[in-house]
Amino acid sequence: MSGAVAMTTPEFGASPAQRAWRRWRRNRAAVFGATTLIVLILMALFAPWIAPYGFADGDIYATYAAPGERFWLGADFLGRDLLSRIIYGTRISLSVAFLGAFFALSIGLTYGVISGYYGGRLDNLMMRVVDILYAFPSLLFIILLMVTFKTGFGGSAVDHPLLAWVRVVDQQMGGMFLIVVGISLTSWVAIARLTRGMTLSLRHSDYVQAAVALGARDARILARHVVPGIFGPLIIRVTLLIPQFIATEAFLSFIGIGATPPTPSWGMMIAEGFTSMRSYPHLALYPGLALAIVMLAFNFLGDGLRDAFDPHAR
Amino acid sequence: MLTVVVRRVLSLVPVLFVISVVTFVLMTAVPGSPFSTEDKPLPPQIQANLEAYYDLDRPLFEQYLTYMGNVLRGDLGPSYMQRNRSVNDIIAAHLPVSAVLGVLGLAVAVLVGLPMGIVSALRPNTWIDHLAMFFAVAGVSVPAMTLGPLLIWFFALELGWLPVARWGTWQQAVLPAITLGIGHAAVIARLTRASMLQVVHEDFIRTARAKGLPESRVVVKHALRNALIPVVTILGPLFAALVTGSLVVEQIFAVPGLGRYFVDSVSGRDYPVIMGTTLLFATVLVVANLVVDITYAVIDPRIGIGGDA
Amino acid sequence: MRIRARWLTALTAALVLAAPIMAQTTLNVSLNQDPFIIDPTTNWLYDVSANQFVTLVGYDFTAGAVIPAGAESWTVSDDGTTYTFTLREGWTWSDGTPVTADDYVYSFQRIVDPATAAPMAYRLYVIEGAQAINQGEVADLTTLGVRALDERTVQIDLIAPASWFLSSLGSIGHAVPRWAIEAHGDQWTLPENIVVNGPYKLTQLEPENLAVLEKNPTYFAADDVQIDVVNLYVVPQESTAMALYENGEIDTVDVPASDLERVRNAPELSAEYYNGPRFVLYYYNFNALQAPFDDVRVRRAFAMATDKQAIVDFITRGGEVAAPTLTPPGSVGHVDPSAGVGIPFDPEAARALLAEAGYPGGAGLPTITLAFNASETHSRIAQAVQQMWQNELGATVELQPVEGSSYAQMGREGAFSVWRMGWGMDYPDANNIHAELFTSDVGIAAIVRNAEYDRLIAEAAIESDPARRLEMYTEAERILVEEEAGTMPIYWYAENLLVKPYLERIQSPSLNREFWKWSVRN
Numbered sequence: 001m002s003g004a005v006a007m008t009t010p011e012f013g014a015s016p017a018q019r020a021w022r023r024w025r026r027n028r029a030a031v032f033g034a035t036t037l038i039v040l041i042l043m044a045l046f047a048p049w050i051a052p053y054g055f056a057d058g059d060i061y062a063t064y065a066a067p068g069e070r071f072w073l074g075a076d077f078l079g080r081d082l083l084s085r086i087i088y089g090t091r092i093s094l095s096v097a098f099l100g101a102f103f104a105l106s107i108g109l110t111y112g113v114i115s116g117y118y119g120g121r122l123d124n125l126m127m128r129v130v131d132i133l134y135a136f137p138s139l140l141f142i143i144l145l146m147v148t149f150k151t152g153f154g155g156s157a158v159d160h161p162l163l164a165w166v167r168v169v170d171q172q173m174g175g176m177f178l179i180v181v182g183i184s185l186t187s188w189v190a191i192a193r194l195t196r197g198m199t200l201s202l203r204h205s206d207y208v209q210a211a212v213a214l215g216a217r218d219a220r221i222l223a224r225h226v227v228p229g230i231f232g233p234l235i236i237r238v239t240l241l242i243p244q245f246i247a248t249e250a251f252l253s254f255i256g257i258g259a260t261p262p263t264p265s266w267g268m269m270i271a272e273g274f275t276s277m278r279s280y281p282h283l284a285l286y287p288g289l290a291l292a293i294v295m296l297a298f299n300f301l302g303d304g305l306r307d308a309f310d311p312h313a314r
Numbered sequence: 001m002l003t004v005v006v007r008r009v010l011s012l013v014p015v016l017f018v019i020s021v022v023t024f025v026l027m028t029a030v031p032g033s034p035f036s037t038e039d040k041p042l043p044p045q046i047q048a049n050l051e052a053y054y055d056l057d058r059p060l061f062e063q064y065l066t067y068m069g070n071v072l073r074g075d076l077g078p079s080y081m082q083r084n085r086s087v088n089d090i091i092a093a094h095l096p097v098s099a100v101l102g103v104l105g106l107a108v109a110v111l112v113g114l115p116m117g118i119v120s121a122l123r124p125n126t127w128i129d130h131l132a133m134f135f136a137v138a139g140v141s142v143p144a145m146t147l148g149p150l151l152i153w154f155f156a157l158e159l160g161w162l163p164v165a166r167w168g169t170w171q172q173a174v175l176p177a178i179t180l181g182i183g184h185a186a187v188i189a190r191l192t193r194a195s196m197l198q199v200v201h202e203d204f205i206r207t208a209r210a211k212g213l214p215e216s217r218v219v220v221k222h223a224l225r226n227a228l229i230p231v232v233t234i235l236g237p238l239f240a241a242l243v244t245g246s247l248v249v250e251q252i253f254a255v256p257g258l259g260r261y262f263v264d265s266v267s268g269r270d271y272p273v274i275m276g277t278t279l280l281f282a283t284v285l286v287v288a289n290l291v292v293d294i295t296y297a298v299i300d301p302r303i304g305i306g307g308d309a
Numbered sequence: 001m002r003i004r005a006r007w008l009t010a011l012t013a014a015l016v017l018a019a020p021i022m023a024q025t026t027l028n029v030s031l032n033q034d035p036f037i038i039d040p041t042t043n044w045l046y047d048v049s050a051n052q053f054v055t056l057v058g059y060d061f062t063a064g065a066v067i068p069a070g071a072e073s074w075t076v077s078d079d080g081t082t083y084t085f086t087l088r089e090g091w092t093w094s095d096g097t098p099v100t101a102d103d104y105v106y107s108f109q110r111i112v113d114p115a116t117a118a119p120m121a122y123r124l125y126v127i128e129g130a131q132a133i134n135q136g137e138v139a140d141l142t143t144l145g146v147r148a149l150d151e152r153t154v155q156i157d158l159i160a161p162a163s164w165f166l167s168s169l170g171s172i173g174h175a176v177p178r179w180a181i182e183a184h185g186d187q188w189t190l191p192e193n194i195v196v197n198g199p200y201k202l203t204q205l206e207p208e209n210l211a212v213l214e215k216n217p218t219y220f221a222a223d224d225v226q227i228d229v230v231n232l233y234v235v236p237q238e239s240t241a242m243a244l245y246e247n248g249e250i251d252t253v254d255v256p257a258s259d260l261e262r263v264r265n266a267p268e269l270s271a272e273y274y275n276g277p278r279f280v281l282y283y284y285n286f287n288a289l290q291a292p293f294d295d296v297r298v299r300r301a302f303a304m305a306t307d308k309q310a311i312v313d314f315i316t317r318g319g320e321v322a323a324p325t326l327t328p329p330g331s332v333g334h335v336d337p338s339a340g341v342g343i344p345f346d347p348e349a350a351r352a353l354l355a356e357a358g359y360p361g362g363a364g365l366p367t368i369t370l371a372f373n374a375s376e377t378h379s380r381i382a383q384a385v386q387q388m389w390q391n392e393l394g395a396t397v398e399l400q401p402v403e404g405s406s407y408a409q410m411g412r413e414g415a416f417s418v419w420r421m422g423w424g425m426d427y428p429d430a431n432n433i434h435a436e437l438f439t440s441d442v443g444i445a446a447i448v449r450n451a452e453y454d455r456l457i458a459e460a461a462i463e464s465d466p467a468r469r470l471e472m473y474t475e476a477e478r479i480l481v482e483e484e485a486g487t488m489p490i491y492w493y494a495e496n497l498l499v500k501p502y503l504e505r506i507q508s509p510s511l512n513r514e515f516w517k518w519s520v521r522n
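Chains as they are written, first to last, in the numbering used here: chain A, 1 to 314; chain U, 1 to 309; chain Y, 1 to 522.
Hints were generated in silico from the structure; no laboratory data involved. One thing to keep in mind: the hints can contain errors.
Said to hold, decoys possible - Computed spacing ranges between beta-carbons, pair by pair:
# : chain 1 : residue 1 : chain 2 : residue 2 : range
1 : U       : G160      : A       : Y207      : 26 to 34 Å
2 : Y       : N32       : U       : L10       : 42 to 50 Å
3 : A       : F98       : U       : R217      : 55 to 63 Å
4 : Y       : A352      : A       : W165      : 32 to 40 Å
5 : U       : H130      : A       : I38       : 21 to 29 Å
What the hints assert, rightly or not - Residues from chain A that face chain Y, not an exhaustive set, calculated with beta carbons under 7 Å:
# : residue
6 : G58
7 : S205
8 : L214
9 : T260
For clarity, every value in this text was computed on a predicted model and none was experimentally measured. C-beta atoms are modelled at their ideal positions from N, C-alpha and C, and glycine is treated no differently.
With these hints in hand, go ahead and build the complete structure from the sequences.
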């Protein structure tokens, strides 16, 4: 918190967001994380101009080529340039990360705060729903979802235009659409539970009680006291969910229903590379390294956001 | 307190009922038959014989009722893939293995993650903090399917300290437990750190310090207790997930656990196994969450269990 | 550090090896599927069943001949429809009961009985009465054309002469103990209940983990069985099995494709490396129900644009053989490559043919879905083929990995444009491929139909002159693979093994490992 100590005198006229921005700017790790992510986003946007080769262009005579002049990070089992695939792969991994985190956080936070803050019967009902969703093995749900959509209902009569549309979208996105949907539909439940637990705890804290006693409106209490109070751990939790999303995607590839090849998903590259780790370590190593960099960036950013938004970090 | 616990346990019944219906509908809606092999479609007559053998030629509603009736009598049905084993047999044989491995993994996660998080939070932004968090990030970034083979290569093949894989002796449990636990240790470490940092600025901590209580007492009695709430929240589901088995770790280390049944049963359309594992998972999870809620009440008496305090 | 490491290894080894008594020969191998499927009359054949039960006759893949097994001799009637087997004398089950002709009759009846619901029952439809019983039209099991003439004589009547029938008995019709099955039901294969007449007997079984086979002293050739105990460890991940082998925890292993290069280049491992053929076919089917593959020219063009040699050289890399035709070498009915049957790799001719079909440079081709059952190898090959078709023909190819059991059915019904299949030979005869996979009777709607092909296969099945049969199969392959290009054989599998120097592993291209033929030197 050494960086935050200098902030003890809040400037008059500065909004909370402005103050948060200033606090955040001082945090070098957070700035580093954000910069890295921006670079990665740019890389994803301009992949066709940056990557030396296309992600699906293989040279069958150069399979398993070691890192060298032609392929900087080596080539895979089809003679495709690993570096190019990693660069294109940022598109996949970042969209899974951002979309998954966005849906998990927005659904989970809203649901959890309402349930925890209002308590009573509503809370009971909402938590029963969550209990049921939660007790349903999320992996089973995702697998059933993938299998049902990908096998297209076996050409049976149940071929609604909407289903056909979903399948087309999914194919266009290299099989990532259903993965994101599955992840979003299952991961918000964890966030909701966490939010509700912390909201319950805060609900009884002195300052929320005081605000209630002063007759503040619920919306104001939630926005000013509850959400900022729980936002820190939530952001951390969400940044921690992101590697789980990417791991889920890798797992689905591991059991053969993840991204559709030749989509260059890092998860799939790791899943494919790990079996040949002893013979061709570069195949799993570099995508793994790329994954670690993204994770570090998200974590630093999450830390920074937490410190910036935490009203108690003085 | 006791009545609340009983009420919560009873609330398991509707949860399991809803889950059984949803699972049944979902799995029977998924196309495919349990009896076709990948290489050759079976002649229709063979298919029909197999369906009759397992009563799959009856209407779905009747199948469901029969199934639930058997479940109430404690019989989870046969497995289509292995006809001389019932789902009860499968769970009895593999759940204990997964449970042992899961508890070991959870122990690794908590014993590594919690101290790391506490130390980081007590010395924020120092090199200790940075180092611990670096390891936490690294731990979370390396998927089990990469970490497992790496550990096998290093500790079994290079150093010769531990066996490569399989299950039976304690040595064989070490590598899978680490592979299973380390990623979660990282999650726990980061969560503990975040939540500790949040708590140390609360008024009651400052009051405790102002009262002149020794720092160790402040940390353990006041800060940690409150900081543990978010950590405990994730322990419930984590417990359920680890104890019912992890496919990747079990496959890599050839551990005879329950994990593969969650996936294989779906690909093989082994309906009773899908239902059985789902209901089992749900039960373990609901119970684990109940324990978490009770733990809340113990850690923070202001929160009641059942959410109606 | 070094000493401690050794001490720990020794401790581990001691723990692992604590059970067997000294001077016994023990074999440790891995198993990639669960050992629980044991009853050979209710399921496909796996290692654990093949080593415990005995068929009437065996098939020696090395010599390419039918050899005696449970029957010491047999005769075939002149019309080729009646087989008479004489069983060995003085041979008993592991509980002391003599092995009789009734045991074999019971086994065949049990397989075709619809109540057993055995998935491979259709393979016995050539026997008199089998199909009617299996389809529930006739309830009386004794109407099956398998009868005991006396204690030691089994007679089998076929509906038509079938020269391949004898070799097919190498993998179906193992005698099973009726009294044990009636006493214990489905649980009869548990170690405490099992009764066997083969070389080994199951003594320990831990699901998903371990099966222990011990030499059965009542087996008729027990003296020739050298290995006393076989420990089969369930190891689903092939890279883990490889590590177990390198650590000396198992004695032989299948080398994963990605480790082949390392094994060949390592001095120690390369000395333990074995490479040989396997009787397994890898192929793609074209869906003739929909455009563009309803046009034979398009099917032929795509087959011509597929570089099979590059696939085996650079993708699979394990000494697989690019397959111009379907039936693998060493089987009856294999077409010698010198006969020139099949579609060779010729991208220029492929482009010309595609243009002729109305798709010059791939223009106008609909998106092609190439499906495969999800697995790493299939995915790699599909990605390579995708590239070939895109580069050579300008086609847009979309890959569709499909998991699970719906796959075969979907392919059969025409859900994909092209789909991957594989076939391991149950017996080394072309009939096992054609009659079970491609004729109209099989009911694969999406594969192109050809009446002449159907006729040839039906006639070849009952033709007794070997030269004439080979001619018929050659012509059949020319029609299906070359002229119609209904299916595209890609390669025949290869065996890639590591075997410890003290183990002599009899290499057999058959699907199951026959431990009773192996030996361990001390």
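Evaluation of the interface hint that places A/S205 against chain Y, nearest CB under 7 Å: violated (49 Å)
Interface restraint verdict for A/T260 against chain Y (beta-carbon cut-off 7 Å): holds (6 Å)
Verdict for Y/N32, U/L10 (Cβ pair) under range 42 to 50 Å: The hinted range 42 to 50 Å holds for Y/N32 and U/L10, with Cβ atoms some 45 Å apart.
Pairwise beta carbon distance, U/G160 to A/Y207, judged against the given window 26 to 34 Å: Distance hint for U/G160, A/Y207 is violated at roughly 59 Å.
Proposed interface contact between A/G58 and chain Y, which counts if any beta carbon pair is under 7 Å: holds (5 Å)
Hint check for U/R217 and A/F98 - Cβ pair distance inside 55 to 63 Å: With a Cβ separation near 43 Å, A/F98 and U/R217 fall outside 55 to 63 Å, so the hint is violated.
When the least beta-carbon distance from A/L214 to chain Y is tested against 7 Å, hint result: Violated - the Cβ of A/L214 stays beyond 7 Å from chain Y, reaching only about 58 Å at its closest.
Supplied distance hint 32 to 40 Å, evaluated on CB atoms of Y/A352 and A/W165: Hint holds: Cβ distance 38 Å, inside 32 to 40 Å.
Outcome for the supplied range 21 to 29 Å, where the beta carbon pair is U/H130 and A/I38: Check passed, 22 Å falls within 21 to 29 Å.
The structure fails to meet hints 1, 3, 7 and 8 from the earlier list, while all remaining hints are met.
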